[in-house]
Amino acid sequence: MDNIEMAKSYMRQAEERLKHAKEAISDGNYAYVTRQSQEAVELALKASLRIVGIEPPKFHDVGPILRRNSGSFPEWFRAEINKMASISRILRREREPSMYGDEELALPPDELYTFEDAKTAFDGCAFIFNNCKKLLDEADVEGKRQEAKG
Numbered sequence: 002m003d004n005i006e007m008a009k010s011y012m013r014q015a016e017e018r019l020k021h022a023k024e025a026i027s028d029g030n031y032a033y034v035t036r037q038s039q040e041a042v043e044l045a046l047k048a049s050l051r052i053v054g055i056e057p058p059k060f061h062d063v064g065p066i067l068r069r070n071s072g073s074f075p076e077w078f079r080a081e082i083n084k085m086a087s088i089s090r091i092l093r094r095e096r097e098p099s100m101y102g103d104e105e106l107a108l109p110p111d112e113l114y115t116f117e118d119a120k121t122a123f124d125g126c127a128f129i130f131n132n133c134k135k136l137l138d139e140a141d142v143e144g145k146r147q148e149a150k151g
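In my numbering, the protein residues as written are 2 to 151.
No lab work stands behind these hints, which were simulated from the structure alone. Keep in mind that a hint or two might mislead.
To be verified - Calculated lysine-lysine pairs in the BS3-like style (CA-CA distance at most 30 Å, straight line):
1) Lys59 with Lys23
2) Lys9 with Lys20
3) Lys84 with Lys135
4) Lys135 with Lys23
5) Lys23 with Lys84
6) Lys20 with Lys150
7) Lys59 with Lys150
8) Lys20 with Lys84
9) Lys9 with Lys150
10) Lys135 with Lys150
11) Lys135 with Lys59
12) Lys23 with Lys9
13) Lys59 with Lys120
14) Lys120 with Lys84
15) Lys134 with Lys9
16) Lys135 with Lys20
17) Lys20 with Lys59
18) Lys150 with Lys134
19) Lys135 with Lys9
20) Lys134 with Lys84
21) Lys59 with Lys9
22) Lys134 with Lys120
23) Lys134 with Lys20
24) Lys150 with Lys120
25) Lys23 with Lys120
26) Lys9 with Lys84
27) Lys120 with Lys135
28) Lys150 with Lys23
29) Lys134 with Lys59
Required output: the full structure, derived from the provided sequences and hints.
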């Protein structure tokens with residue numbers, strides 16, 4: 002499987018998580034929104050790395066890798082890398098608490114997150130997903146052009 006096919010798979014998985022995050026907002030399950038948003042961001046950003054031929058690392062926040070390799074991306078994407086890296090870093094910090102709660106404070110996940118937290122996580126996730134989807138669509142079109150040239 003090549004990088005573009007792998008990126009497409011990651012983006013399908015990210016889209017599914019985004020869909021569930023949106024449903025969870027309506028249900029008031031704000032911790033779940035945060036967790037699903039984090040996972041979708043991780044998958045979408047790892048897809049973006051694959052699109053430009055960079056093997057993504059096995060850790061959750063790839064923002065520093067995006068920054069380090071910003072020259073590999075088109076200008077429009079590069080202009081958003083700092084914002085996307087910031088969103089990724091913020092959501093990475095919420096990965097465990099959104100699932101397990103805060104054990105030191107003995108607070109379950111449901112007591113840690115509000116609608117505002119969930120909306121911020123979801124909106125950041127949607128921003129990243131849309132940028133990575135555009136990057137994938139452009140790469141896919143370019144790949145088809147290259148195939149046609151033969």
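Status of each hint after checking the structure:
The straight-line distance between the Cα atoms of Lys59 and Lys23 is roughly 26 Å, inside the 30 Å bound, and the hint therefore holds. Taken as a hint, the Lys9 and Lys20 pair is honoured in the structure, with Cα atoms around 16 Å apart against an allowance of 30 Å. Distance hint between Lys84 and Lys135 is fulfilled; the C-alpha atoms sit about 16 Å from each other, no more than 30 Å. As the CA atoms of Lys135 and Lys23 are separated by approximately 20 Å, the hinted pair is consistent with the 30 Å bound.
For the proposed pair Lys23 and Lys84, the alpha carbon gap of about 21 Å is at most 30 Å, so the pair holds. Note on Lys20 and Lys150: the hinted pairing is violated, with a Cα-Cα distance of about 37 Å set against a maximum of 30 Å. Using a Cα cut-off of 30 Å, the hinted pair Lys59 and Lys150 is violated, with the two alpha carbons roughly 36 Å apart. For the hint linking Lys20 to Lys84, the alpha-carbon distance of about 22 Å falls within 30 Å, and the restraint holds.
For a cut-off of 30 Å, the pair hint linking Lys9 to Lys150 stands: about 23 Å separates their Cα positions. About 23 Å separates the Cα atoms of Lys135 and Lys150, which keeps this hinted pair within 30 Å; it holds. Distance hint between Lys135 and Lys59 is fulfilled; the C-alpha atoms sit about 24 Å from each other, no more than 30 Å. For the hint linking Lys23 to Lys9, the alpha-carbon distance of about 21 Å falls within 30 Å, and the restraint holds.
Of the supplied pair hints, the one linking Lys59 and Lys120 holds, its CA atoms being roughly 27 Å apart against a limit of 30 Å. In summary, the hint linking Lys120 to Lys84 is supported, as the alpha carbons are separated by about 17 Å, within the 30 Å threshold. Of the supplied pair hints, the one linking Lys134 and Lys9 holds, its CA atoms being roughly 9 Å apart against a limit of 30 Å. About 18 Å separates the Cα atoms of Lys135 and Lys20, which keeps this hinted pair within 30 Å; it holds.
Distance restraint check for Lys20 and Lys59: the Cα-Cα separation of roughly 24 Å lies within the 30 Å cut-off, and the hinted pair is therefore satisfied. Taking the CA atoms of Lys150 and Lys134, the gap is about 24 Å. The hint holds against a cut of 30 Å. Distance hint between Lys135 and Lys9 is fulfilled; the C-alpha atoms sit about 12 Å from each other, no more than 30 Å. The suggested pairing of Lys134 with Lys84 holds, with an alpha-carbon distance near 16 Å, which does not exceed 30 Å.
A threshold of 30 Å between alpha carbons decides the hint, and for Lys59 with Lys9 the separation of about 18 Å falls inside it, so the pair holds. The suggested pairing of Lys134 with Lys120 holds, with an alpha-carbon distance near 20 Å, which does not exceed 30 Å. Restraint check: the Cα-Cα separation between Lys134 and Lys20 comes to about 15 Å, which is no more than 30 Å; the hinted pair holds. Between Lys150 and Lys120, the direct Cα distance comes to roughly 45 Å. Violation of the 30 Å bound is thereby established for this hinted pair.
Taking the CA atoms of Lys23 and Lys120, the gap is near 9 Å; set against the 30 Å cutoff, the hint holds. A distance of roughly 23 Å separates the Cα atoms of Lys9 and Lys84; the hinted pair therefore holds under the 30 Å criterion. Between Lys120 and Lys135 the CA atoms are separated by roughly 22 Å; this keeps the pair inside 30 Å, and the hint holds. Under the criterion of a C-alpha separation no larger than 30 Å, the hint pairing Lys150 with Lys23 is inconsistent with the structure, at around 41 Å.
A C-alpha spacing of about 21 Å is found between Lys134 and Lys59, which places the hinted pair at or below 30 Å, so the restraint holds.
Against the hints set out earlier in the document, violations occur for numbers 6, 7, 24 and 28.
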